[in-house]
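S.K.: Sequence:
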Amino acid sequence: MKTLGIINCCKKKVGKGYAIDVYQGTLFKLLLKYVSLKCNNIKILSSKYGLIDLQTIIELYDVVFFKQYIAKNTNTIVLSSKEKKEWAQKVYNDLQNEIKKYDELHFYINIYFMQYLKPILDKNKVNYKWFKFEGCLGKNISKYQKLLEKENDKH
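Heads up: the sequence shown runs through residues 9 to 163, numbered per our numbering.
These are calculated hints, taken from the structure and not from any lab test.
Please note that a few of the clues may not be correct.
Unchecked claim - Simulated crosslink set (DMTMM-like; lysine to aspartate or glutamate; CA at most 20 angstroms straight-line):
hint : residue 1 : residue 2
1    : K19       : D29
2    : K131      : D161
3    : K140      : D161
4    : K109      : E91
5    : K41       : D130
6    : K20       : D61
7    : K140      : E159
8    : K10       : E157
9    : K131      : D29
10   : K109      : E142
11   : K90       : E157
12   : K98       : D61
13   : K140      : D130
14   : K37       : E157
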């Protein structure tokens, strides 16, 4: 079965460059490694750019879905409910070509993204699986470290 893995962006970013190099979060790096073992291709979901390739050139940005991700003393933009719905529709539109190329989409993304995407995916009968995150960041880092260890033991 041919699958596309779609992973979360992350808060920790450096400079301007390829998305794969700009995103520096621990969970992002773990997901990148794990999903590369499980799926035929990987794309990133960005709160600013939507669905992007690993090699898409991006710049630093501070756009978030929810206020709890705002760092102190920043000019962070929190998307409104309307903007989140528009973001989800844009992501779905961008997924159209991918849906034709893959048997199934595997989402390794947070609930904040998925709550806006899921209604559109379900309405359009997209074949996908959502690998939910478990609570806090630390739990997810631990989960994917263990999953990667298991995968490495297989090889």
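S.K.: Against which earlier hints does the structure fall short, listed by number upward?
M.R.: Hint check: 2, 3, 4, 5, 8, 9, 10 and 11 fail, others pass.
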